[in-house]
Every structure is written in structure tokens, then in C-alpha cells.
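With the hints as your guide, set chain L onto chain F.
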Amino acid sequence: MNNSVGIVTAQRAQFDTPLTFRSGAVLPHYELVYETYGTLNADKSNAVLICHALSGHHHVAGYYADAPKNLGWWDNMVGPGKPLDTDKFFVIGLNNLGGCHGSTGPSSIDPASGQPYGSNFPIVTVEDWVDSQARLADHLGISQFAAVMGGSLGGMQAMQWAMAYPERVRHVLAIATAPCLTTENIAFNDVARNAILTDPDFHGGDFYRQGVVPTRGLRLARMLGHITYLSDDAMAGKFGRGLRSGEYQYGYDIEFEVESYLRYQGDKFASYFDANTYLLMTKALDYFDPARHTEHDLARAFAAIRADFLVVSFSSDWRFSPDRSREIVKALLHNRCNVSYAEIESRHGHDSFLMQDEQYFAVMRNYLNNVAKEFA
Amino acid sequence: MSPTLIQSRPDFAAIAAWIPAGASVLDLGCGDGSLLGYLKNERNVRGYGVEIDDANILHCIARGVNVIQSNLEDGLSGFETGAFDFVILSQTLQATRHTEKLVREMLRVGREGIVSFPNFGYWKARLQVLRGNMPVSDELPYQWYDTPNVHLCTLRDFEHLCHDLDVRILDQRVITNGREIALLPNLLGSTAVYRFRRNS
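Residue numbers (the working numbering), protein chains in the order written: chain F, 1 to 376; chain L, 1 to 200.
In isolation and in its complexed conformation, chain F is listed as follows:
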């Protein structure tokens, strides 16, 4: 396959030093699953950490020997000769704590009880994730990242890295993200959570031992989320008012193409994603608000930052709008940080950050080329 990192294998790291969460909860042991691409250079200065968004995971690029069609979620961005060039960089993707792709999460077995954690798994925040990622960096012998990057919730983690570990990150690429969620965003998340929480199969989060899955709730949550990641234009362009049978059926079965698409996406997602993980991820989004500790002054929250920033937003992204990215830029300017900001013209809404776009990819490539010059 052209420009692919090729066959990849997930790795695991075991941590036996207890991790204290912002909620006060303590996880005595945990595992993080991760993948790496490219080669770590001799002085370990070419490492890039990729933080994933709500439904992401460690499989960022390449494919598995036994599943050649299972491409990484950011395979268009990461690979030899791609914007994040694995001929130059050593790239790490991980599954966050609380995830459902191999890292310790609600569906993992709690060694204390021999049962899945379920409702006992603590609420995780962006700050907790970054602390756990720092331990993974220690484990890999990386004292400073050339860059930490991510989109959406991943961008929040990248920003948190620069705030919490200013000496450990030289560049942050914060894409389609925000300094905190808007009220409307929290409201959407709450509806999604309610869909899961009120599903009779949810059992307060301990559905595993009942042998059921709150599929209906998870599916609704995903359908709602999916609508908000697209734009009105993109949906109109893709589906319009198209009817599957061409005629009104005067019933409640699937008629419009968009209904068919959403139900398919919801079913697909509910078949593999963990409901508790979905709850945790949306809550982590809601809680992230670094300016909460500085009287809502983001510039003060950013005071410790030493990293250079590339901030990217997309014109049709109404969940993480360009205005929110400009707030980040303004706070960085206040702190005299190096920052560039690109606003990409795109009609794909929030999902734009995952899609190949000439200007977007050229911005990323040009920026990362300069990052690579620092250690080349």
C-alpha cells in the first residue's frame, strides 16, 4: 500500500504506580495500549504524541496483518511522505484510560473484584489522561515530545500537555478544538448521555454481568453526535431529501436516505463501542475548562506554556467553531507564545479534521517540516 506505515502491532504498557484522578479516585494498576510508527532517533527528540478524540483509539495509522482493511483513523495524515512523516518522526498513538480498545476502562476486569469495573470505574478528566500519557512517555524514555497533536477532544489534551508539562512539549498542534465546551455542546452531550443512562439495559453501568448491552441508548447517542459533527450543507449535499423507495410510505420505517445513514452509523457504533466509555468521554469533554482555575482568564491559564502552537479550525465546524480557536490564539498571543492559526474553508463540519483537504494538509505538512528541521 502506498505511503502507508504498513502492518502495525498494538503494544501494552503496564503501570503499577497508583494514579490519583482529579475526582479523588485512585486506580492502583492500569494498562495502556498503544502503537508506534517510525523510528525513535538516538537522542529521542523526534517523538510525536497523537491524542485521540471521543471515539478514537491507539490505531492511528497502518493496518493489521490479520485485518488489512482496518486502517488507522488518521492514516491519511500519518505515514511515510504524509504530513506527519514517519520517515522523520516517531509517532505514538494510544488508547486513553477509560477507553474500550484495550486500555484499562469500564469494561476491563477489576482485579479487586474479578468483575468488570462498570460503574466503579472513576470519571476521567483530560488532566488525568495527560498525566497517564506522561507516564507512558516515561515508559518509552521520551522526556520531551517534538509535538503533541490532536483534534477536538484530542486538541484539548494537546493543550493540557503544554500547560501541565511545559518542558516536555516543543510544539502543540491543536485542531478543531476549544478552550472549553460551549453550553450548547454540554447540552448535546447530556442528551447523548441520557439516551444511554435511561436505556433499561444500562443497569446503572453494570450491564456486563447481566449479559446485555444498552444498544438502543448508545445508538441514539451516536446518531445525535453524528448529526452535530456534520454541517447542514454537508448533509444536504450528501443526502438531500432523497427517499430510499422514491415514494412516501406514510409510516415510521426508514424512508429518507439520511435516516438510513444515521441508523446504519448508530448500529455500527453500538456494535463495538462501550456505553460507559461513551459516558466518560463526553464527561471529560464537558469538564475540560482550564480557565476555571484562573477566574475564566484563559491567558492566565496558559501562563506556563512554553510550546509553539499551530491552531487550525474549519469554517463549517459549528461544534468547535473558528471563534473558539481564536480564543486559544488570543490567549497564546497574550503570553507571547509563537503561534500560527489557519482557518480552513471546508463544508464537512467538525468531521473536517479527519478528512483529506489540500489546504489543511499543506498547512500541517509545512508546519511539521519545520518541526522536523529542529532535530534533523
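Hints were generated in silico from the structure; no laboratory data involved. Some hints here could point you the wrong way.
Derived lysine-lysine pairs resembling DSS-like cross-links, with alpha carbons at most 30 Å apart [unchecked claim]:
#1 F:Lys268 to F:Lys283
#2 L:Lys40 to F:Lys44
#3 L:Lys40 to L:Lys101
#4 F:Lys44 to F:Lys373
#5 L:Lys101 to F:Lys373
#6 F:Lys238 to F:Lys268
To give an idea of the interface, some chain L residues facing chain F are shown, with a C-beta separation under 7 Å as derived from the structure [what the hints assert, rightly or not]:
#7 Asn56
#8 Ile57
#9 Leu58
#10 Ala62
#11 Gly64
#12 Val67
#13 Ile68
#14 Gln69
#15 Leu72
#16 Asp74
#17 Gly78
Just so you have them, the derived chain L footprint on chain F, three or more residues with Cβ under 8 Å [to be verified]:
#18 326-334
#19 337-344
A quick note: this is a predicted structure, and the numbers were derived from the prediction, not measured. For glycine and all other residues, C-beta sits at the position ideal for the given N, C-alpha and C.
Chain L only, in chain F's frame:
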């Protein structure tokens, strides 16, 4: 500064001469970032550009110059009061719609402002108007129907604006064909560069 850069943008030499080492600079309409790149490498300035064009954003990022993609016509609300030593507007003033507001904003965000613009009072421009045509020249390479320039002015016009805005002109360079013009600048100068600050 490379000879080609000086040839293509004679105003850059005058601007660069006014910026001391280590200054903080905001370059509005920074284009491909060549001035900022020069100031960064030669003067160690802390610089940021503002640019709207996609291709120029790519040039600036490739050059390692900080650039903020934004439309100047939306104002400078993304920048804090007094954030910069210098705010530069080179060969852009005449193409801005809200020119007066922008000059005021420049002096809110920066301690000093620097602008360069083509002099509409240059004798060759006047001659073309006398002959009955809108001027077309190296400095004004557009036809009246496709020009981005909506607020062309002469040196005297710009000085009137400064007076009306209570802005003090600190320095001025007038250039024609890369040479500085001292005599009858409003008649013999094709490009003007001004450095100014608020009076109070």
C-alpha cells in the same frame, strides 16, 4: 535583505530600518511573510503576521513565520491593546474598506504604526488622470474595474487623515524606482512610507 526583495518591495528597506532589534511587530496583510522573515532573522523581532490568503498562509508557515489567518476588515479584536511595539500595514492601506478605523486600531494595538502605500499624487499618476484615464503603473498595476484598491490617496491626503485622527507623524520616506525622494515628494514620489504614533 536579498537584492530581489529590495527591488520588488523598496518600502521594506525603509520599514526594516525603523525596527530595532528585539521589537515586537504585527504585520497586517503580511503576504508571504518575507518582511517578517527578514525582521525575525536579522533583527530577532517577535513577529506575527495577519493574512487572509490561503497560499500566503502556507508560505508564512513554511518560512517559520507566525501568521494568523484573519480578515483585516473584521478589525483587530483578536489583539490586545498595547500588545506590540510596531504595527505595520505595507501596501495594504489603499485596499482596506474601513481605512480610518484600521489606522485607529493599529495605534490601539501598537505603540507605533508604519504604513506604506502608492502615492496617487505621483506626477505620472496625475498625468494619466489629466489625459483622461485612471492611472495604471508598476505601483498601481490594475484597471479601474479590477482593482482591489478602494481608498487611494496622496501623501497630503494621508497627512490630513493623521491630523484628523490626532496622530503624530514621526518619520517619512518617499521612494521612486528604489531611490529616496526629498524634493517635492507628493509630486515626485511613487511610494510613501510613514511612521507615526498617537499624540496623546
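Now for the hints, and whether the structure bears them out:
1. Distance hint between Lys268 of chain F and Lys283 of chain F is fulfilled; the C-alpha atoms sit about 22 Å from each other, no more than 30 Å.
2. The hinted pair formed by Lys40 of chain L and Lys44 of chain F meets the criterion: a straight-line CA distance of about 29 Å does not exceed 30 Å.
3. Simply put, Lys40 of chain L and Lys101 of chain L have alpha-carbon atoms about 28 Å apart, close enough for the 30 Å limit, and the pair holds.
4. Among the hinted pairs, Lys44 of chain F with Lys373 of chain F is consistent with the structure: their alpha-carbon atoms are about 14 Å apart, no more than 30 Å.
5. Note on Lys101 of chain L and Lys373 of chain F: the hinted pairing is violated, with a Cα-Cα distance of about 41 Å set against a maximum of 30 Å.
6. Between Lys238 of chain F and Lys268 of chain F the alpha-carbon distance is near 19 Å, which keeps this suggested pair within the 30 Å criterion.
7. Nearest Cβ of chain F to the Cβ of Asn56 of chain L: about 11 Å, over the 7 Å cut. The hint is violated.
8. Checking Ile57 of chain L against chain F by beta carbon gives a least distance of about 5 Å; that is within 7 Å, so the hint holds.
9. Residue-level restraint check for Leu58 of chain L holds (minimum Cβ-Cβ distance to chain F is 5 Å; threshold 7 Å).
10. A least Cβ separation of about 4 Å between Ala62 of chain L and chain F falls short of the 7 Å threshold, and the interface hint therefore holds.
11. Hint status for Gly64 of chain L relative to chain F: holds, with the closest Cβ pair at about 5 Å, below 7 Å.
12. The criterion of a C-beta within 7 Å of any C-beta in chain F is met by Val67 of chain L, whose closest approach is roughly 5 Å, and the hint holds.
13. With a cut of 7 Å, the hint placing Ile68 of chain L at the interface with chain F holds, because the nearest CB-to-CB distance is about 5 Å.
14. Given hint, Gln69 of chain L at the interface with chain F, holds; its Cβ is 5 Å from that chain's nearest Cβ, closer than 7 Å.
15. With a least beta-carbon distance of about 14 Å to chain F, the hint placing Leu72 of chain L at the interface is violated under the 7 Å criterion.
16. Of the supplied interface hints, the one on Asp74 of chain L is violated, with its beta-carbon coming no nearer than about 10 Å to a beta-carbon of chain F, more than 7 Å.
17. At a threshold of 7 Å, the smallest CB-CB gap from Gly78 of chain L to chain F is about 5 Å, leaving the interface hint in force.
18. Residues of the region 326-334 of chain F lying with their CB closer than 8 Å to a CB of chain L number 5, which satisfies the three-residue condition for coverage.
19. A stretch counts as covered by a chain when three or more of its residues have a beta carbon under 8 Å from one of that chain; for the region 337-344 of chain F and chain L the count is 6, and the coverage holds.
Consistency note: the structure conflicts with the earlier hints numbered 5, 7, 15, 16.
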